[in-house]
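There are 2 protein chains.
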Amino acid sequence: MTQTLDIAVIGATGTVGETLVQILEERDFPVGTLHLLASSESAGSSVSYRGKNVRVREVDEFDFAKVKLVFFTAGPAVTLSYAARAHAAGCSLIDLSGALPADQAPQVVPEANVEVLAGLKAPFQVSSPSPSATALAVVLAPLRELIELQYVHVTASLAISAQGREAVSELARQTAELLNLRPLEPKFFDRQVAFNVLAQVGTPDALGHTLLEKRLVRELRQMLAQPSLKISATCIQAPVFFGDSFSVTLQSANAVDLEKVNAALEDAEGIELVEAGDYPTAVGDAVGQDVVYVGRVRGGIDEPSELNLWLTSDNVRKGAALNAVQVAELLIKDLL
Amino acid sequence: MTQTLDIAVIGATGTVGETLVQILEERDFPVGTLHLLASSESAGSSVSYRGKNVRVREVDEFDFAKVKLVFFTAGPAVTLSYAARAHAAGCSLIDLSGALPADQAPQVVPEANVEVLAGLKAPFQVSSPSPSATALAVVLAPLRELIELQYVHVTASLAISAQGREAVSELARQTAELLNLRPLEPKFFDRQVAFNVLAQVGTPDALGHTLLEKRLVRELRQMLAQPSLKISATCIQAPVFFGDSFSVTLQSANAVDLEKVNAALEDAEGIELVEAGDYPTAVGDAVGQDVVYVGRVRGGIDEPSELNLWLTSDNVRKGAALNAVQVAELLIKDLL
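One line per chain: the protein sequences are U and Y, in this order.
Per full-length UniProt numbering, the first sequence starts with residue 1, numbered consecutively.
Per full-length UniProt numbering, the second sequence starts with residue 1, numbered consecutively.
Since the hints were made in silico from the structure, they are not lab data.
Values in this document were obtained by computation on a predicted structure and should not be read as measured data.
Accuracy of the hints is not assured; some may be wrong.
Said to hold, decoys possible - Partial pick of chain Y residues on the chain U-facing surface, computed with a CB cut under 7 Å:
#1 49
#2 157
#3 179
#4 201
#5 249
#6 281
#7 303
#8 304
To be verified - In the DSS-like style, the derived pairs of lysine-lysine whose C-alpha atoms are separated by at most 30 Å in a straight line are:
#9 Y:230 - U:214
#10 Y:260 - U:214
#11 Y:333 - U:230
#12 Y:187 - U:230
#13 U:121 - U:333
#14 Y:121 - U:230
Quick reminder that beta carbons are idealized off the backbone N, C-alpha and C, glycines included.
Let the sequences and hints guide you as you build the complete structure.
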C-alpha cells in the first residue's frame, strides 16, 4: 500500500489555502487525512477535496500531534501564534506568511535554491516566499551563471486578489459604478482603484518602504545567496483581479549576452519564454498556470550591461500555493 | 489694442488638439484668427473655442502664410508632410509628434530647459516632447543640483487615451463585456486590456525597444543635457483611461540627501509634492491638472545613493497640450 501523510492546512478558507488544497489533489500528493483549519470566524464552512466537502475546523482547538506536515497559508499573526506549537508537536511546517526569520525557516523556491533543503533536518521549517520574490527567484536563478548581478530594479504590478475577496469585490463594484456613471464610494481601498494605479500596497514605514517591498528584497537576497545585492523594489496596485506582472531591469558587471540569456530561459525549469516581439500578460498567460512567463527580453538602449525582462505569474498559484506544495514534494521522502 | 497672433492647430479633432484649443482659451493666449486643421477625413467637423464652433478645415489646402505659429498635434507623418511648408512660409512651429530631429527642433519643457529657447531665432522650430519625457523632465530638472545622476530607471504605466478615442472605447467595451460575463472580443488591441496590464505600447524594433521607449530616452537625455545618461525605460499599458504613472529609480554618484530632495521638489515649478506616507494617482490627482504630482520619495533599501519616486501626470494636458502652449507663451514676444 502506498504510504500517505496526514497534513493540516491553516487558512483553508482563504484564496491561497483553497488553491493549495486543489493543487494537493491535482498533483496527487499522498495525503492521508487532510485537516482544514481556520480562525473561529471561518471554521464551520467546508472546502471541496477529492469530491468531498471537508469541514474547516478551528485552528485553536487542533491537536498538531495528529499530523506530520502543516501548511500555514494565513497571515503572519496566525503563523506566529501556532508555528511553535506545531513544531513542538513534531510537525514539519511550510509557512507562506513571511513571519519566520530565515535562520529558522529559510525561503525556498525549488527552481532557485533547492540545495537549501539538503541542509535541513526533520521536523522541517521552510518558508515559501512572497509571490513577487518567488517569480523573480525562478527567473533570476538560471541567469546567475551568465550575469554578474550588480543591481536589480523591479516594479511589481500586483493583483487585487492578493488582498483577499473583499478587495476583489471592491474592484468589480467600483468598475461597475464608474461604467454606469454612478458616484464612486470607495470602501476597502481608500480611493478609486478601478481604471487607476495605486503607488503602494500596504502602509509604508518611516523610510517609505512597504512590508511587501522589504520582504521582496530580503527574500530575494537570501534565495540568490547575495545578502548585499542591491535591489530597488516598488510594488504597485493595478486594477487587475488575478496575476502579477513585473518590469525588471538587471545591471550586470559585464556585457550581457542576449542569445545565452534566451537559451538559459528557454531551458530553465518553471519558465515559459514567449517569442521575441510578443509578450505575456497576467490574464492571458500566467493565471492558472504553473510557470512564470517571461517576455520582452532585451538589452539596454546603448547600454550592453543592462538586461530588461517582463514577467507574469499567477500570484496565488505559482507565487504561493504551488511553490509550497513543490517544497513539500521534495521533503516527502523524509516525512513518510 | 492688445496685439494678437494668428495661429493654426493641426490635428484639431484629436484629443491633444482639442485640449490645446481649450488651453489657449483658458490661459487667454492672444489668439487673433484660429485656424483648425485636420486630415480630409476629419475636416468639416467643428471644435468649440470661446463659445463659438470653429470649423475644422483640410490641412492640405491651407495657406500657411496666413499664420505666424502652427501647433502640430497629429502624428509624425503629418508633421513630416507639412512642417517644411509651414517653415518656408515663415511660420514658427511647435511639434508634438517627435518627428523632427533635435538639431532642427529641440525638445523643450520650460521647467527643465527653458534656456534652449534663447538660442533659437524666429521663425522658431521647437519640439514638445512625449508625455513621459515631459513629466520626467519636470521632476528630474530641479534634482540635478542635488543628485549626480548616473542611471535613471523608469517603468511608465501609460493611459489608454494616448492611443486615441478608439482605444478608450475598447477599454470601456471590454470591461463591460467582462463584468457582464459576455465573451470578450478584442478589436483595437490584440488581446484583453481590461483588468490586465500589457507589457508594451506599440511594436518593438529588432532589439526589443518600442518607439515610445526610445523617444523617452532620447528626449530626456537631450533636455537634461546628458547625452550619454544611462536610462532604462519600459512603457506599459495599464487599463487606465487618463493619466500616466511612473515608477522611477535614480542612481546617484553620491548619497542622496532626502531632506534636500523634498525641499527642492516642494519649491520647484510645475510639481505638486504629496505628503510622505500618501501618494498621488493618475485619476485622483493628476488628471485635469497643470502639474506633475510626486510621491513616495524614498531612498533605497540599504542603498543611500538610490532615490525612488512615483510620478503621475495628465498625459494629454501637462504631458502634451499644456507644455506646447507654455512654450508658445515664452516665444510670443518675439512673434507679435
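Tested hints:
| no. | hint | verdict |
| --- | --- | --- |
| 1 | 49 | 27 Å, violated |
| 2 | 157 | 5 Å, holds |
| 3 | 179 | 6 Å, holds |
| 4 | 201 | 11 Å, violated |
| 5 | 249 | 4 Å, holds |
| 6 | 281 | 5 Å, holds |
| 7 | 303 | 5 Å, holds |
| 8 | 304 | 11 Å, violated |
| 9 | Y:230 - U:214 | 26 Å, holds |
| 10 | Y:260 - U:214 | 24 Å, holds |
| 11 | Y:333 - U:230 | 50 Å, violated |
| 12 | Y:187 - U:230 | 42 Å, violated |
| 13 | U:121 - U:333 | 12 Å, holds |
| 14 | Y:121 - U:230 | 47 Å, violated |
Figure legend: structure checked against the earlier numbered hints; hints not met, in rising order: 1, 4, 8, 11, 12 and 14.
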